[in-house]
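Using the hints provided, position chain B relative to the given structure of chain A.
Sequence order for the protein chains is A and B.
Under this note's numbering, residue 383 is the last one in the first sequence; the count climbs by one each step, no gaps.
Under this note's numbering, residue 320 is the last one in the second sequence; the count climbs by one each step, no gaps.
Rather than coming from a laboratory, the hints here were simulated on the basis of the structure.
Any given hint might turn out to be false.
For the chain B half of the interface with chain A, some residues (derived, Cβ under 7 Å), not all of them [as the list claims (entries may be wrong)]: (1) ILE58; (2) MET92; (3) PHE94; (4) ALA99; (5) SER100; (6) LEU101; (7) ASN102; (8) ARG104; (9) PRO114; (10) PRO133; (11) GLU136; (12) LEU140; (13) LYS142; (14) GLU297; (15) VAL301.
Source: prediction; values computed, not measured.
All residues carry an ideal CB built from backbone N, CA and C; glycine is no exception.
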Amino acid sequence: MENKWEMLGSSNEDREKIWSKNRTFAGDVWFRFRHKPTSIAGLVIIVLLMLFALLGPMFTDYSYSTQNLEVVNIPPRMKVYETPDGSGYLYVTQALKVVQVSRDGIMGNQLKKVREEADSSMTIFDCSGTEVALYYGAKPYVIADPQTRVIYPSAHVWNKSYVLGTDSLGRDILTRLMYGTRVSLMVAFVAAAVNMIIGILFGGISGYAGGMVDTVMMRIVDIISTIPLTLYVILIMVFLESGLQSIIIALGTVYWVDMARVVRGQVLSLKQQEFVMAARTIGSSTRTILLQHLIPNAMGSILVTVTMLIPSAIFMEAFLGYLGIGLKPPLASLGTMCNDATENLRSCPHQMFIPALVICLIMFAFNFVGDGLRDALDPKLKK
Amino acid sequence: MSEQNILEVKDLTKHFKAGKKQIVHAVDGISFTLQRGKTLGLVGESGCGKSTCARTIIRMYDPTAGQIVLDGTDITAMKQKELKPYRKKMQMIFQDPYASLNARMTVRDIIAEPLMAHNLVKSKEEANDLVYPMLERVGLTKEHANRYAHEFSGGQRQRVGIARALILEPQLVICDEPISALDVSIQAQVINLLKDFQEEKGLSYLFIAHDLSMVRYVSDDVGVMYLGQLVEMSEADEIYRNPLHPYTKGLLGSVPIANPKLARQKEKSSIEGDIPSPINPPSGCRFHTRCPYAVPECSRVKPELVDVGGGHKVACHLHK
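So here's chain B without its partners, still in its complex pose:
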């Protein structure tokens, strides 16, 4: 186990029961490592298990199988009580800035809650000494402390959410689509704030999104997920320049291009059909039902994620 890895995930699996005998394969055998101070982007269609993956890592859900190693400690099987000290190292920023803040609490109380939960401060006054600088750090002021969350705009709320996640000075922050509910103009503001924090404190981010250009901007590495599995993983620019997996190609091909001339030249490689049900995922390569290059082998044998050179990993029979 390397010292420089803040998070190691091995064969992480999370299945949910749906009905009596049906099982939803939300996350199926995902492995990756995240280095200190780096950002790993996870992209994929809606319903591919990105959020479940994040929530399992932060142990909101109990993993079905696999291993989660946070900063050299295996937290996979810990009970919630044992887990508490490790929560300080790992925090989460949520997708919906409207639902993730309690409407009955003032911003001060929201940001002070982690401090109270971990007994880092004894009184409200003591908490204020930490809360006010943090508020200013995210671009809000002392005057905002007594306000309720609903009085803020979406961007301001998301910054409150960031302040709440960062006040414990965690080493790893899981960002579960932190910008997808925001205006484009506000997205940049929030992303830049996150980047500033990363430079300042050496944070690591697990950044989940479906906005591919934003992921390219923030991430050092990018993992592409399809139906609960990682299909391709590489350094960010490499994956955008040279996508190998047909799904990644399709995903990148579906990004609209603003310039119509360039858009006409672009290779049309959109993905046909819908994502199959995670209750009965296809055998072999899960993408073979929609893959334009599928060969008979694809439906029988599950391709492993293999390094095709330069740390570019892909799970596809076409690339071995």
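Bound conformation, chain A alone:
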């Protein structure tokens, strides 16, 4: 139509035409999803975290369990002292050892100890032929010339060998973070999926059947939820061997009660609507009514519940790690990493902050994506 102001004919086609664009369901969902900046941001974060967790370990020189007790609790940004010849740096570890650091921050060998001068609180090391003294009489420990007692100029360099530093056992935090993110994402996805399926089926059947069936099924849910869910998970974990599988089983079998309640409530109100009555007068089977009419229409609240569930699953896994009934020690998860870091919280806060930050990122991302999905899946919000 060239002139939009021209009078339309009375043809049926013009009168009945819908002028908005026609898109497939998937296209429609994607269109609405990508027009919300927060949901795209969430999706990008999740994809990046997944790449980080799955592909990251290929690019590191360490494994999650490699220990190097000579370099424990090293921060990402190190305070270093220049070597006497000025060609590199020296770093003092917590164990009062001196490690060579190159100009761009790569950690080298440990210096050899020459002798101890206990009366002047100094340890003398050999730095490529020259003697340097580590003075430990007062904090902070410094490196000085043993004769003139002049402190070498200090500087701060970023740690290139251990980008995020090391933990109290000398393990690379970056590598452990990759494995930890992997575990957390896996727990989140699997637990959410299991909970969703059990919750939807249980709640859907309970709400749809109504009457006695509903009463009995909901009392079961009530009984389960009278005891804090955390306690169940702990009890289940005590019975099962600790490990990733057990965590998933424990979380999957307990956390569906909220989902079941939400789905039931939705189904109860939806089943009174005329389109469900219509489906019944048509003769559609219960299965069709549940899966095609009730659950798709309840999807909004289901997704919101899932996005709330994912962070709590991640937290639960972290909490179990904290209690020591989660993953077995050399394995890393974000929770166990936080737990390990509590011991050195004062001296090395980064060990706690980094995994905590990743937990936050994951939860933000899932919340944003869930929010976006809820809106995108509702065709009534079509633009």
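The following block gives chain B in isolation, referenced to the frame of chain A:
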């Protein structure tokens, strides 16, 4: 049982429990027959049990008592599974075109659902062969098939609802106030579509409405309901020309007339008061609490629906 009756309803009763001992007498002993190819209009105030009656007939609710005979088969006590083949014969058009279509389904899927439910088609492609002609039949096009219901106007949605009800080629269609949620201009469109289908396929309609002029236009027979009971029933023009029951008179008297001169001449016979609670319906004739002609007998004895000549039935002590 006559072959020409598509639907026979005898003493249909539906009570709902409200609280512990209270019972809502939604439908109380309704009897009527509907002939093949005809339309029976049911009118009455809001809350008089019209919709409950329709929903009980289509077995959305289980009847408390009475008998529903569809095309010679008693479907009163059938379980939902046994009922399934009979659902093909009987379909329903709903009142609210916004609530009666699933927002998460495309129009194609909505119209194809009855075909899928009764295994009449094996694939979506096969369903499309039936859905597209039906869409065109109700004045929509193929292009509309992939749209979601909320993208349509009210009239278009109601036509989608009609297409869904008619794709199984039922013999009886229960129209539960199909036009009351639509614009006047769209009402005519939908009504004419329903009439066209009736002529084409010999459908029978049970047409529920509170728009009296529209009921007169579409119906062959009209039944007037009050508090769950039929108070008068007759051929459509007869009931409008010669209403016998005081309630029918009041109902017709409350129809506004466009011409002010005629309106002034009209006998004022509006009904006073509100409809009594169906939990404790009045004894005897249920209308006696609001009836201007009530006599003592009315509150004691329930009047039966009797033929006063020419198939005009009325339940009133004044007409025997």
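The hints, checked one at a time:
1. At about 5 Å, the closest approach between the beta carbon of ILE58/B and any beta carbon in chain A falls short of 7 Å, and the interface hint on this residue holds.
2. The restraint placing MET92/B at the interface with chain A holds, with a minimum CB-CB distance near 5 Å, inside the 7 Å limit.
3. A least Cβ separation of about 5 Å between PHE94/B and chain A falls short of the 7 Å threshold, and the interface hint therefore holds.
4. Below 7 Å, beta-carbon pairs count as interface contacts, and ALA99/B has one with chain A at about 4 Å; its hint therefore holds.
5. Because the beta carbon of SER100/B sits about 4 Å from the nearest beta carbon in chain A, less than 7 Å, this interface hint is met.
6. For LEU101/B, the interface hint holds, the least distance from its beta-carbon to any beta-carbon of chain A being 6 Å, beneath 7 Å.
7. The closest approach between the C-beta of ASN102/B and any C-beta of chain A is roughly 4 Å, which is under the 7 Å cut-off, so the hint is satisfied.
8. For ARG104/B, the suggested interface contact is upheld, since its CB lies about 4 Å from the closest CB of chain A, less than 7 Å.
9. Interface restraint check: PRO114/B against chain A, minimum CB-CB distance 5 Å, threshold 7 Å, status holds.
10. For the restraint placing PRO133/B at the interface with chain A, the shortest Cβ-Cβ distance is roughly 15 Å, beyond the 7 Å limit, so the hint is violated.
11. About 9 Å separates the beta-carbon of GLU136/B from the nearest beta-carbon of chain A, more than 7 Å, and the hint is not met.
12. Below 7 Å, beta-carbon pairs count as interface contacts, and LEU140/B has one with chain A at about 6 Å; its hint therefore holds.
13. Given hint, LYS142/B at the interface with chain A, is violated; its Cβ is 11 Å from that chain's nearest Cβ, farther than 7 Å.
14. Proximity of GLU297/B to chain A is violated relative to the hint, the smallest CB-CB distance being about 41 Å (cut-off 7 Å).
15. Interface hint at VAL301/B: violated, since its Cβ lies 38 Å from the closest Cβ of chain A, which is beyond the 7 Å cut-off.
Of the numbered hints given earlier, the model fails hints 10, 11, 13, 14, 15; all others are met.
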